[in-house]
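Start from the sequences and build out the full structure, keeping to the hints where you can.
2 protein chains.
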Amino acid sequence: MNRKLGIYIAMSLDGYIAKQDDDISFLTDVEQEGEDYGYSKFIETIDAVILGRKTYDKILAMGIDWPYGDRKVFVLTRTPKPDSGNIQFCSGNLPELISTLKSQKGKNIYCDGGAETIHQLLQEDLIDELTISIIPVLLGDGIRLFKGGLQEQKLQLINVKSFEKGLVQMHYVR
Amino acid sequence: MNRKLGIYIAMSLDGYIAKQDDDISFLTDVEQEGEDYGYSKFIETIDAVILGRKTYDKILAMGIDWPYGDRKVFVLTRTPKPDSGNIQFCSGNLPELISTLKSQKGKNIYCDGGAETIHQLLQEDLIDELTISIIPVLLGDGIRLFKGGLQEQKLQLINVKSFEKGLVQMHYVR
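Residue numbers (our numbering), protein chains in the order written: chain A, 1 to 174; chain B, 1 to 174.
Among the clues, some could well be false.
Because identical chains share one entry, a pair is satisfied inside a single copy or across any pair of copies.
Claimed, not checked - Derived lysine-lysine pairs resembling DSSO-like cross-links, with alpha carbons at most 27 angstroms apart: (1) K72 with K54; (2) K154 with K165; (3) K165 with K4; (4) K58 with K4; (5) K165 with K54; (6) K105 with K81; (7) K107 with K161; (8) K19 with K81; (9) K102 with K4; (10) K19 with K147; (11) K161 with K41; (12) K147 with K54.
Hints listed in this document are in silico derivations from the structure and should not be mistaken for laboratory results.
Pasting the structure below:
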């Protein structure tokens with residue numbers, strides 16, 4: 001089994017992952033005690049995380065516990081910085097980085113955003129698995145998960161699950 | 001029970017209902033003998049159809065059998081034209097038309113597009129039911145079902161169904 005690169009992300013029915021000002025409060029509508037929508041099971045299959053620099057900064061600014069445990073984290077940035085613990089700052093070629101990671105042994109690789117980084121990965125057809133949770137809302141406007149300007153990519157539906165709060169989670173492979 | 005206004009439409013996972021040139025050949029990927037994805041059952045609940053003028057012209061140009069039987073069809077147009085059989089050309093106020101139709105007795109009302117007409121209806125918060133089929137493909141670019149610039153609208157998931165060809169159909173009410 002090769003290492004797969006996947007995304008695991010929620011969007012509104014109209015395709016937004018946040019409002020224009022990064023507001024993600026629409027996600028609270030589906031919060032439910034004891035229901036993590038498969039996240040803890042998913043993250044167990046992961047030992048490397050890809051993040052865009054802005055998303056990395058946002059996580060730091062949120063003041064929450066570091067969400068990736070001791071997993072290796074690769075932050076894509078135009079400004080090279082020395083590594084820091086498990087965090088590696090990468091300013092090189094993205095397809096090369098992914099190709100290197102996929103050639104190494106390990107669990108799967110998770111791109112946790114942002115939309116710009118996911119777009120770059122889709123542009124290079126590097127994403128193998130997509131777990132998309134659709135929140136029962138039309139946000140009306142905001143930051144799109146899929147911003148357009150890509151080549152067509154056929155997907156295979158592996159699984160679909162619906163939840164009490166109206167969230168529908170679909171798992172596709174490329 | 002009041003008459004409901006609904007849409008019943010397919011889009012790619014990235015939210016497109018057609019490519020930029022109106023190409024909808026991605027729908028053939030989910031064509032299957034004997035499987036109509038609930039359409040014939042849905043259309044039985046309908047006795048009035050709303051169409052944008054461009055969509056109406058497109059249907060005529062396709063040279064197919066008239067798809068709405070003897071249902072009343074309301075074509076939204078800026079250029080008034082005399083009625084023709086069951087087809088009424090409407091150049092007045094859209095919310096007023098819908099309000100009039102909803103106040104009349106009858107089965108439900110179906111807006112069969114295009115995206116611009118659906119957008120206008122969403123803008124006025126006039127759509128009561130959304131049946132959205134997600135085709136397992138990233139089209140990459142094209143005509144969006146939800147083009148943005150709307151107010152937030154919470155939805156309630158009523159049903160979700162997946163099919164052999166990987167289509168996922170979700171039924172929401174406003």
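Verification of the supplied hints:
With identical chains, the CA atoms of K72 and K54 are at most 27 angstroms apart within one copy only, with a shortest distance of 18 angstroms there and 52 angstroms across copies. When the C-alpha separation of K154 and K165 is checked against a cutoff of 27 angstroms, the pair qualifies only between copies, where the shortest distance is 12 angstroms, while the shortest distance within a copy is 29 angstroms. With identical chains, the CA atoms of K165 and K4 are at most 27 angstroms apart between copies only, with a shortest distance of 23 angstroms across copies and 30 angstroms within one. In this homomeric assembly, K58 and K4 come within 27 angstroms of each other (Cα to Cα) only inside a single copy, at 25 angstroms, whereas the closest approach across copies is 43 angstroms.
In this assembly of identical chains, K165 and K54 lie within 27 angstroms of each other by CA distance neither inside one copy nor across copies; the values are 30 angstroms within and 37 angstroms between. Taking identical chains as interchangeable, the C-alpha atoms of K105 and K81 lie at most 27 angstroms apart only when both belong to the same chain, with a minimum of 26 angstroms there against 68 angstroms between chains. For the identical chains of this complex, K107 and K161 are intra-copy neighbours only, at 24 angstroms inside a copy versus 31 angstroms across copies, given an alpha-carbon limit of 27 angstroms. Proximity of K19 and K81 under a CA criterion of 27 angstroms is satisfied in neither setting, with 30 angstroms inside one chain copy and 42 angstroms between copies.
In the homo-oligomer, the alpha carbons of K102 and K4 lie at most 27 angstroms apart inside one protomer (7 angstroms), although the nearest pairing across protomers, at 51 angstroms, exceeds that limit. Proximity of K19 and K147 under a CA criterion of 27 angstroms is satisfied in both settings, with 14 angstroms inside one chain copy and 14 angstroms between copies. With identical chains, the CA atoms of K161 and K41 are at most 27 angstroms apart both within one copy (15 angstroms) and between copies (24 angstroms). Within a single copy, K147 and K54 get their C-alpha atoms as close as 17 angstroms, and across copies as close as 25 angstroms, so both meet the 27 angstroms cut-off.
In summary, the numbered hints that this structure violates are 5, 8.
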